[in-house]
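J.: Following the hints, position chains B and C against chain A.
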Amino acid sequence: MAKHHISATLNGEPVEFLCSTRQTLLDVLRDELNLTGSKEGCASGDCGACSVMVDDRLVCSCLVLGAECDNKKIDSIEGMADGEKLHPLQTKFLEEAALQCGICTPGVLVAAKALLERNNNPTETEVRYWLAGNLCRCTGYDKIIRAVMSTAADMRENAK
Amino acid sequence: MESVEFERPGTVEEAVALLQGASGNAKILAGGTDLLVQLRAHMVEPDVIIDIKHIEETRTLTKNSDGSYTIGAAVAGAEAGDRDDITKDWPGVVEGWELIGSTQIQGRASLGGNLCNASPAGDSVPAMVAAGMTVNIAGPNGRRTIPVEEVTVAPGRTCLEKGEFVVSFNLPARPAGGGDAYLRLIPRTEMDIAVVGCGVALTLDTDGVVKTAKVSLGAVAATVLVVEDAAKAIIGTKLDADAMAALDAACQAACKPIDDKRGTIEYRTKIAGVLGRRAVTIAAERAGKK
Amino acid sequence: MSSEQKDYKWVGTRQIRPDGHDKVTGRAKFGSDFSLSGMIHGRVLRSPHAHAIIQSIDTSKAEALPGVKAVITSKDLKDQPSELKPAGEGMVNYRDMTRNVMAREKVLYDGHAVAAVAATTVEIAEAALELIDVKYEVLPHVVDVDAAMKDDAPILDDTMVPIGYETKGPTNIAKHVEFSLGDTGKGFEEADVVIERSYKTEAVHQGYIEPHAVVASVSEDGQAQIWCCTQGQFMVRTFVGQLLGMPTSSIRVTPSEIGGGFGGKTVVYLEPLATLLSSKVGKPVKMIMTREEVFRASGPTSGGSMDFKIGATKAGKITAVEATVRLLAGAFPGAPVAPACMCAVAPYDIANVHVQGFDVVVNRPKVAAYRAPGAPISAFGAESIVDELAKELGMDPLKIRKLNAAKKGTKAAYGPTFRDIGYEETVDRAMDHDHYKAPLGPNQGRGVASGFWFNIGGESSATVNINEDGTAVVISGNPDIGGSRASLAMMAAEELGIEYSDVRPIIGDTAAIGYNFLTGGSRVTFATGLAVVEAAKDAVRQLCERAAKIWEVDAEGVVWDNGHAKPASTNVGDFEPLSLAALAAQAPKTGGPICGHNAQNVQGAGPGFATHICDVEVDPETGGVTILRYTAVQDVGRAIHPSYVEGQIQGGAVQGIGWALNEEYIYNSKGTLDNPGFLDYRIPVASDLPMIEAVMVECPNDRHPYGVRGVGEVPIVPPMAAVANAIESATGVRMEALPMSPPRLLAALDSSNIKQAAE
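Chains as they are written, first to last, in my numbering: chain A, 3 to 162; chain B, 95 to 384; chain C, 1218 to 1976.
What the hints contain is simulated information worked out from the structure, not anything from laboratory work. Only a predicted model underlies this, so the values are computations on that prediction, with no experimental measurement involved. Careful: at least some of the hints might be erroneous.
Take a look, some chain A residues computed to stay more than 12 Å from chain B by CB distance [to be verified]:
| hint | residue |
| --- | --- |
| 1 | Ala4 |
| 2 | Asn13 |
| 3 | Glu15 |
| 4 | Pro16 |
| 5 | Asp33 |
| 6 | Leu35 |
| 7 | Ser53 |
| 8 | Asp84 |
| 9 | Lys87 |
| 10 | Leu88 |
| 11 | His89 |
| 12 | Asp156 |
| 13 | Asn160 |
List time: in silico DSSO-like cross-link candidates among lysine-lysine, alpha-carbon distance up to 30 Å [as the list claims (entries may be wrong)]:
| hint | chain 1 | residue 1 | chain 2 | residue 2 |
| --- | --- | --- | --- | --- |
| 14 | C | Lys1972 | C | Lys1226 |
| 15 | A | Lys75 | B | Lys121 |
| 16 | B | Lys355 | C | Lys1972 |
| 17 | A | Lys74 | B | Lys157 |
Glycine included, each C-beta is placed from N, C-alpha and C at the ideal position.
Okay, chain A solo, but in the shape it has when bound:
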């Protein structure tokens, strides 16, 4: 059949793309829209490296069809910084060395941002369970968890 013509909002901008039924949102982002920040680590929803927001809910973009995204609001790692200004999580990850190879980092950041938008005062256990779907093989998670917790503390401080 002909490709689907999809109109959506991506990182705040209107976007249109064509996709076949089989193409996932991850395929669309990487192959059609040339946004390679979302990574494919497993293509089965087990690693979280492709995490994006669809209509403000955290999902694995490898488990969403492009064709489902008509009129959806999609936010990927490429939209996380505000122009030249990094998101506080991005800054904290750099300061606290919360990445090593960096392949999981975009997905972890998108997921952590989603958590902090729901809950700016998570416990360590809450952060660990929220991020359980984001595999990291390099860091042992220690510095990732610390960076998320300390960003949350900063955000609470700034909100005062």
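T.: For chains B and C alone, coordinates are given in the frame of chain A:
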């Protein structure tokens, strides 16, 4: 490589017509967390994918005036978990739904999908069975409602006829003195398929005696089990040590598991008893047991 | 901190890594992120059998499919002679390598590559794979190391000639190695206590999140460009050149950012195939492994079985150790059996040691390096039996380690005599740590274990270019897996006396920098770091010469101090110091560009030691283990960038915890892999773990200007025994096989309960 059609029906009737009219294999898409993996692995080769999320009825979770709930088949676990009412009334049912995969999966995986994937290990199913939930199925001959435990007939196979799909679920009002729980055993703390799952719903009288109980086990047989002997073992008791031992034994006796990469027969059987005891304890606490 | 430590401006500080911004914004280009115009896509057909003769391959239907541009099989690769050739640090056999890249006479494991297709789309390439008709004669298979060593085992390669091992007929034993010190017979005679145990570990995968990926483009004149995620662009160049018969000068390899390697990207899989396909088609070819392919076909590390015997006096002095280590190599020889033997008891000063090892081929993917290859396996045995010894003698497990600790001057069983090492200090720091004294609750236990890894140096080249505005570019040749660029830039900034932010570290492609041995052996910050330091010193020497020229004095009369050329003394003259920027600006007039360079085969790697403490809680009804607390003490020489050193320690410890508890390759009765995905190959997730406290002991390596030792590999050595020892402490049950997953632990607990009830 064959191209796949994609349809977005807006009504139940349109969906049924599409399912019925499909020349070959039609697949329902709700959360997609199983379907897309199977598609990628070429385990399924559908001619058409029918996205049911544009049907209002599949996407709504309603608390009815009698305290019961109607839950759309395409409602995701995390969406139910965000609701205070159902989480308070049926914490075990919601726990089961919310344990399906990671945060990312929970935001997508639907209750209907978890049931209709027909895995013996689906996390949502034992608690739904224990709670006495039913499913509303639409098809060419209209609607029918059946208990959750009757949907799966074998691993990967449901009782749905051609043209049929699950539209929604019915969850009874929380009974007086009622409590429920779902527990599963996984090797890690997250991201695993249940090696054993156990759902329990029970009611206690004011003296703390178990009035009614339903115990359900997942991943220990070809389909999710209702363990009547386990319920019998605790009904009329105050969950003393003997009753719990009898419950443990009944859970173990009901198991017909397999050896596989996730667990051995011996392990699954023992764990069924352990989880049975633990889930009953939690459910009784929630029912007000002191 | 040692008292003689100088005050450094950058070394020892926590700077923002130079590649960081690109990695938190999604801009960084990893292996599969690279594309070229006109590019087509390649896929690999893989064996569904563990062991089979390839009777025929018919590719005609696949070739006829519209969109298919080329199909290759082993016929398209020239065969290679069977001989061991030096490649970097180790030896490789190109006969085996070409067969691993593409099966020739036989398929030797589930997932073994059989053919590859290039087509205009991935979908067409995948459809073409299904049209390739391969006729197999399925053979009996063997996947277990002990079974493979038996006389009646199915033989993988009846032409294989074992090394160091006498055999009458064909065998799966590829190699036998031995290391001896003293006289173990005498040592056991001196012992008051002798313990013998056997242990077993399963094969585990490196588990990097980024699957292997490559884009290769070969032009009509035979010039090849390869972009890929690898731990060594020079390794890829060498191997592709050898396998495809191309001169080294015709291949240029550019490493992408690399999404984890841990040793698993020190070999080639797709690179020669993509290059060959591209040369046939005349277009760039991109190939990416699926996660399933990564598990089925890329290198895990060995599983193994071991026998240990240890003897000690009543006072706890170890008098002798004997060990036999049998490691599965996968389909081709090359298990890390020598390092497994050499590292086993290296933390200890033992007069009488005999360790032997067997390298055994089985029907599994050929193993690749994984973080301290071999050492974690033998350390699981050694550190478990040392714990048993401590228990038998009623000694504290850290005290027995301290009593027997290797020190400066200790002769290791594997040969060398140690220079300054920090092992004993790691034990002392562990003993003094709060963690070691904290109370434990019911079903909780504490275990300790130590570990050793050699670390390596190797061929390294670096260039430090002084830019006209006084900034600098550091070009090195090692893919940066965990922040090494930051460390290199910090050392260069220290030497040059300029701001860290004014140093830009770049990883050169194979045409942009001299040869570098790959990123491995915990060598980069040490060895390439040394080359960078020397290259910076070379630039400083030139800067001093330029100042001398300007001042019209002898170059010897100029010194470099804090980023400025200064007269060495008042005798030289009274000159205002010249900054690096000032000298850079005048460079065109004083002799042209200033480029420091260094290339050497770096020697003098400092061995690394670690001691870990692990607390667990065991659920006695389910066999589930929770890691409650974890402290990893390690001698790091000197931490150039402490955050990334801690990161290495934390990450290594957690990989070890995964190895201990849940990771394993599960083969079914047909010899095919049952868990080729992250769902059932269970690497630790965030909620499985507590914080991992990294304690850095700094005993500087006297053969590095800043005292650097490798740090990346040691931390994966102790965890398996630390966890096993903790489980024993919690339950009284000794786990002698990995993984200690809930079903296995519950079975052990139950059988121990039955035994106790019977007694």
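J.: For every hint, state whether the structure bears it out.
T.: Hints, verified against the model:
1. Residue placement check: Ala4(A) does not keep its beta carbon more than 12 Å from all beta carbons of chain B (closest about 9 Å).
2. The claim that Asn13(A) lies off the interface holds: its Cβ sits roughly 19 Å from the closest Cβ of chain B, which is beyond the 12 Å cut-off.
3. With 12 Å as the threshold on Cβ separation, the claim that Glu15(A) sits away from chain B holds: the shortest Cβ distance comes to roughly 23 Å.
4. Distance check on Pro16(A): its Cβ is at least 20 Å (rounded) from any Cβ of chain B, clearing the 12 Å threshold; non-interface status holds.
5. Look at Asp33(A): its CB is around 15 Å from the nearest CB on chain B, clear of 12 Å, so calling it non-interface holds up.
6. Annotated as non-interface, Leu35(A) keeps its C-beta farther than 12 Å from every C-beta of chain B; the closest such distance is 19 Å.
7. Not every Cβ of chain B is farther than 12 Å from the Cβ of Ser53(A); the closest lies at roughly 6 Å, contradicting the non-interface assignment.
8. Distance check on Asp84(A): its Cβ is at least 24 Å (rounded) from any Cβ of chain B, clearing the 12 Å threshold; non-interface status holds.
9. With a least CB separation of 26 Å from chain B, Lys87(A) remains clear of the 12 Å interface cut-off, as annotated.
10. Here Leu88(A) stays apart from chain B, with its beta-carbon at least about 23 Å from theirs, past the 12 Å limit.
11. Every CB of chain B lies more than 12 Å from the CB of His89(A), the least distance being 19 Å, so the non-interface label holds.
12. Every C-beta of chain B lies more than 12 Å from that of Asp156(A), the closest at about 22 Å, which supports listing it as non-interface.
13. Under the 12 Å C-beta cut-off, the non-interface status given to Asn160(A) relative to chain B holds; the minimum distance is some 25 Å.
14. As the CA atoms of Lys1972(C) and Lys1226(C) are separated by approximately 63 Å, the hinted pair breaks the 30 Å bound.
15. Restraint check: the Cα-Cα separation between Lys75(A) and Lys121(B) comes to about 25 Å, which is no more than 30 Å; the hinted pair holds.
16. Distance restraint check for Lys355(B) and Lys1972(C): the Cα-Cα separation of roughly 28 Å lies within the 30 Å cut-off, and the hinted pair is therefore satisfied.
17. Between Lys74(A) and Lys157(B), the direct Cα distance comes to roughly 27 Å. Compliance with the 30 Å bound is thereby established for this hinted pair.
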